[in-house]
Amino acid sequence: AQSVTQLGSHVSVSEGALVLLRCNYSSSVPPYLFWYVQYPNQGLQLLLKYTSAATLVKGINGFEAEFKKSETSFHLTKPSAHMSDAAEYFCAVSERAGGTSYGKLTFGQGTILTVHP
Amino acid sequence: EPEVTQTPSHQVTQMGQEVILRCVPISNHLYFYWYRQILGQKVEFLVSFYNNEISEKSEIFDDQFSVERPDGSNFTLKIRSTKLEDSAMYFCASRLNGQVSGTQYFGPGTRLLVL
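Top line first, the protein sequences correspond to chains G and H.
First residue of the first sequence? That's 12 in the numbering used here, and the numbers climb one at a time after it.
First residue of the second sequence? That's 8 in the numbering used here, and the numbers climb one at a time after it.
I should point out that these hints are in silico values taken from the structure, not numbers from a laboratory.
In this text the structure is predicted, and so the values were computed from the model without any measurement.
Take these hints with a grain of salt, some might be off.
In silico BS3-like cross-links for lysine-lysine, where the CA-CA straight-line distance does not exceed 30 angstroms [to be verified]:
| hint | chain 1 | residue 1 | chain 2 | residue 2 |
| --- | --- | --- | --- | --- |
| 1 | G | Lys80 | H | Lys49 |
| 2 | H | Lys90 | H | Lys49 |
| 3 | G | Lys69 | G | Lys79 |
| 4 | H | Lys49 | G | Lys79 |
| 5 | G | Lys69 | H | Lys85 |
| 6 | H | Lys90 | G | Lys60 |
| 7 | H | Lys90 | H | Lys64 |
| 8 | H | Lys64 | G | Lys80 |
| 9 | H | Lys64 | G | Lys60 |
Beyond 10 angstroms from chain H on every Cβ pair, some chain G residues (computed) [to be verified]:
| hint | residue |
| --- | --- |
| 10 | Ser23 |
| 11 | Glu77 |
| 12 | Asp96 |
| 13 | Ala103 |
C-beta: ideal position from N, C-alpha, C; glycine also.
Full structure from sequences and hints, please.
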């Protein structure tokens, strides 16, 4: 079974600092990988996804993530944090086509990002 | 921009009561999902639905749960006899087509509290 681990349930950075949110997955075959963001009282919004094209994926709001097969990682980064980035971030995986899944997402436990002035 | 909507935003119910959580997926989407998140825990998959039938369900989705697309626009999750442990945030999601890599669009959730 697939699993996703997000290291750090809370991350705090200063405005303008680098944001690094960690995600590691466990799967025998590299899955599809997603980062979602949840702002207060809103649904989960897709930031970016990896589906086997370029390993460095750019998303919305200046975020990007790099798929590293050797490390089974898909860490999310942003060079310069903004106050509006404060939210909860979820890493998720889904099994590749041809598996037994119909696209269900398996989520990590989430990381709350706090940005202070 | 089209979005997934869910009603109600909050629901309080007594243990043993039936609840129906409603979702309106994005209109041309074909795949539908329910997830839940118990406070402090991971978002968990419950069920996927395509072509008017369940395509996959988790072990959480037992006989107390059912899903339905009654009228071509709504997608509902029914819990027949709620338990305290059903208290959670329930998210509906929809996806356009059969591409497993396709984006799932999530609604804002319904917070269910069972007393």
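Hint-by-hint comparison with the structure:
A distance of roughly 24 angstroms separates the Cα atoms of Lys80(G) and Lys49(H); the hinted pair therefore holds under the 30 angstroms criterion. Of the supplied pair hints, the one linking Lys90(H) and Lys49(H) holds, its CA atoms being roughly 19 angstroms apart against a limit of 30 angstroms. Among the hinted pairs, Lys69(G) with Lys79(G) is consistent with the structure: their alpha-carbon atoms are about 15 angstroms apart, no more than 30 angstroms. Of the pairs offered as hints, the one joining Lys49(H) and Lys79(G) holds, with about 23 angstroms between alpha carbons and a cut-off of 30 angstroms not exceeded.
For the proposed pair Lys69(G) and Lys85(H), the alpha carbon gap of about 38 angstroms is over 30 angstroms, so the pair is violated. Of the pairs offered as hints, the one joining Lys90(H) and Lys60(G) is violated, with about 36 angstroms between alpha carbons and a cut-off of 30 angstroms exceeded. For the hint linking Lys90(H) to Lys64(H), the alpha-carbon distance of about 19 angstroms falls within 30 angstroms, and the restraint holds. Only pairs whose Cα atoms come within 30 angstroms are accepted, and Lys64(H) paired with Lys80(G) is accepted, the gap being roughly 29 angstroms.
A threshold of 30 angstroms between alpha carbons decides the hint, and for Lys64(H) with Lys60(G) the separation of about 24 angstroms falls inside it, so the pair holds. Every CB of chain H lies more than 10 angstroms from the CB of Ser23(G), the least distance being 19 angstroms, so the non-interface label holds. Every CB of chain H lies more than 10 angstroms from the CB of Glu77(G), the least distance being 18 angstroms, so the non-interface label holds. Every C-beta of chain H lies more than 10 angstroms from that of Asp96(G), the closest at about 19 angstroms, which supports listing it as non-interface.
Non-interface status of Ala103(G) relative to chain H is broken: a Cβ of that chain comes within 10 angstroms, the nearest being about 8 angstroms off.
Going through the hint list in order, the structure does not satisfy hints 5, 6 and 13.
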